[in-house]
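Take the given structure of chain H and dock chains G and S to it, following the hints.
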Amino acid sequence: MSLRRWPAFVPIAIFLVLVGFFAYRLVMIDHGDAPNLIPSVMINKPVPNFTLPSLFDGKPQVVSEEIKGKVTLIDVFASWCVPCRIEHPYLDEIKKAGIVLVGINYKDRPEDARRWLVQLGNPYDAIGTDRDGRVGIDFGVYGVPESYLIDKQGVIRYKQIGPLTREDIEKVILPLATELSK
Amino acid sequence: MKSRLAFLLILLLMPNAARAVQPNEMLADPQMELRAREISKDLRCLVCQNQSIDDSDAELAHDLRVLVRQRLQAGDSDAQVEEFLVARYGDYVLLTPPFKSSTVALWMGPPFFLMIGGLCAWVVYRRREDKATSSDKKLTPQERERLDAMMPVHLPTEQTEGKNAP
Amino acid sequence: MIPEIGHYALILALFVALTQATFPMIRAARGNRAWMDMAGTASVAQFVLVTTAFGALMWCYVTSDFSVLNVAQNSHTNKPLIYKIAGVWSNHERSMLLWIFILGLYGLAMSLFGGNLPPSLRARALSVQAMISVGFILFILLTSNPFLRLDPVPTNGAGLNPLLQDPGLAFHPPFLYLGYVGFSMAFSFAIAALIEGRVDAAWARWVRPWTLVAWGFLTFGIAMGSWWAYYTLGWGGWWYWDPVENASFMPWLAGTALLHSSLVVERRDTLKAWTILLTIVAFSFSLLGTFLVRSGVLTSVHSFASDPSRGIFILGLLVAAIGGSMVLFAIRAPSLKGGGLFAVASRESSLLLNNVLMSVAAGSVLLGTLYPLFADVLKLGKVSVGPPFFNSVFVPLMVPVVIVMAIGPLLSWKRGDLKGALRRLKPAAIAAAVTAIITWSMSGGIGAGAALGLATWLFVGTMGELAHRLFPMRMTAVDFLRRVITIPRSFYGMTLAHLGVALVIIGITGSTAWKTEKVQVMHFGDTVKVASYDLTLKGVEEGVKGPNYVAARATFLVTKNGTFVAELHPERRMYDMPPRPTTNAAIHTNVIGDIYAVIGDPDESGGYVTRLYYNPLVPWIFIGAGIIALGGLVSLTDRRYRIGVPLRKVAMQPPQS
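The listed protein sequences derive, respectively, from chains H, G and S. When we follow the numbering used here, the leftmost residue of the first sequence carries the number 480, and every step to the right adds one. When we follow the numbering used here, the leftmost residue of the second sequence carries the number 29, and every step to the right adds one. When we follow the numbering used here, the leftmost residue of the third sequence carries the number 504, and every step to the right adds one.
The following block holds chain H by itself, in its conformation from the complex (with noise of 0.2 angstroms):
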């Protein structure tokens, strides 16, 4: 009696399968699309609504409110963190941009921001503290820094996850909020 021979290739057929997803994963992973980034659920919803006490005394909180009508990139950032400092020189080529620049401040000492700010030059149009983190979570904040870029309704239209780089804004951030100010 003779066997058929074709279950003797499901082994074959299955390996190769496994060796498909992993050569396409190591391709991923060499083109910069590191595996642990989580893509945010976040994108195209309005943005949470919060209302945060500016880090500077005597200036208008930060509301969620306020931000509708223009093309806006909130930014997560921190003194205490590292790669803050790779992306805070570009961050004025957004302003140039003509985008609002929103900081949030997350999970940090208002000294500490402010002189942090006086030391490397203040970009942003208005900042918020974000003291416990709360509205952090509300946005999917997961690390720092992120950025968030809001079209004209308030809905949330990309997300960078890590340091914006010259290389990001522009090839991605500019020519996305070009489209959406239309």
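Please keep in mind that the hints were generated in silico from the structure rather than gathered at the bench. All values reported here derive from a predicted model rather than from experimental measurement. Incorrect hints may appear among the rest.
Taking lysine to aspartate or glutamate and the EDC-like style, the derived pairs with C-alpha atoms no more than 16 angstroms apart in a straight line are [as the list claims (entries may be wrong)]:
hint	chain 1	residue 1	chain 2	residue 2
1	H	K575	H	E649
2	H	K586	G	D91
3	S	K1021	G	E61
4	S	K1021	G	E53
5	H	K586	G	E87
Only chains G and S this time, still in chain H's reference frame:
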């Protein structure tokens, strides 16, 4: 350089659980605290990748533990607390993946494997059944001899079982 | 100079392995004896060279030669000597060198103890073994050279992660690797047999000792890793279903299936193709584990530095080794016809059931481990597959395994008497029911009751079978002694391993169902009741100096009903290099359970955060796992597998059915 940075990161994220749940985070109501612990065990610490927030010492895990407890105190059910976090972080935050179209293959996988296994076993028996004649049902003298040569003693099972059988 | 010698030895080893991989294989086809014997000599030479390389790197660590990049990145002058020597696991490059060192060791063992093998089979197996060596030595030389020099030479090294500076972990990875790499032996035999087109009882018997060795080491290695996690990570958990843990568990499941299916090949000359496939799969899982840990395709707390170029190289190795062997399998397997018939109630069937369920378990663990990757690649979104998934899949699969584990050994080959077997298991069934009901009524846990009932069924059933074989009716003392001696060691081995499983189940049940945890702030003199014990915080001594750390050392007095039980000294350490805090739990065990104390940070009020646990039955998990491994060892001493025993004529005969 990039890989060294990654390694450094991994070292920093190594678990150090002695800083998991802190006494000052805990709720006075033991029943509710117990619920909070159970929920926390099913929520992933997003920064540490493979730990629940209940086990993790990361800042974010602490914040989430506090948040879970606040939601419970505000009267949320266990499911509502999980929904709250899923709305912000996605299914990724749940250590038990929910059953839905994207996880069908995951949840149905083990029963499917079991079915395949059962099918294979059935084929084995059926094929043997085809070949078997009545004399094949007991060990033939040659087979007996072969097994005996391997087994230095006549073990009670093999020796007596046939005789004792009703 | 020393690192260059090591590097050079490694290059030489590559060429020796290349020679060993090619010539004996080609010449074996022509029956040229001299060339076939050359494989043995080559494997000795390869071992010597690989050992030289391994020793050279160790020398660099011992002498703290920071001109070597690998040493500078992972060592420090004040690191205790034992971790300089035993730190082979601590980084990718060094652990790869350990990998090929162990591979060389197995090659040496095969050439030394393989004298009774047919020369062509031995030559081919050694040749396959050398092919694996070639792949891994190339991998080290091209992508992970541990002998790279550093200029300028730093004054000191970066140190070793303090979590890894632990005696338990000094021995865990070598055992794990002895297990992983050990499956390469069975694999090499399987490939050689496929090439020769001959798989029979004799083959199964030659492979069995190597499978037992690998499986025993792996069992022990996994148990040690679990034990390490239990006492260092500080919250009493011992298994987390982390991808890296799963990577070691999958080969274990496949290896367990292999041990059982190869029995059927040996005794009954059937299930041959399946057994060969399992051999390939067991080693494939070992390689897959190496790939998953080092390539960065999965994220895990235990991962080594991930580097896509290394990942691509290992993936290439996987394709060559696993793909090649599976193609060979696909071509040759249909010609491996099994003869032995068996009924549904038979020893074969019970072993087959074990195989089906173990394979389903291994497949499910693989699916769960890789599913996040699948979902990501297929753009289904990010998914987490955590412990709840694995538990809910794994536990139901193991229930029938355990039930049949007690019945199987009572069934005879080919056609067993199921009714008779069940009749003999009546005491076990009664004991199981009683245990389950008592547990259930006393603790209220249905799950715990069922689990303990199952463990009792297995324990009593296995012991009953042992007694049945030792004390048949009408027996004199001489008869008994003769039986003790003449019952094959493999039977004792099986009995031990199955009893070990029962103990592990009891331990798991106890630790999950009845664990007590108390987390609080304690001041000096405060007492907390944990289970039936009173723990009093007597004091905390700050600034206790260790070899490369400063510790805060707490003193707990443990009493039960006012009588002294133990004094516990958990520590919170700050290591110098790299500066990292660790917590060292203090454990007092009385075998029934562990009192487990952890000291945390001080708070503003001058108190300390303390975590106190009573972990009932946890030691049984590790004792049970140790007994399972011991069972493998005892089986290994069975005279039928003992190396050098002249082969019985019958085993060499072609199958007769």
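To see whether the hints hold, each was checked on the structure:
1. H:K575 - H:E649: Status holds; Cα separation ~12 angstroms.
2. H:K586 - G:D91: holds (10 angstroms)
3. S:K1021 - G:E61: holds (12 angstroms)
4. S:K1021 - G:E53: The given pair, whose Cα atoms are some 14 angstroms apart, holds under the 16 angstroms limit.
5. H:K586 - G:E87: The hint holds at about 10 angstroms.
The structure shown violates none of the earlier numbered hints.
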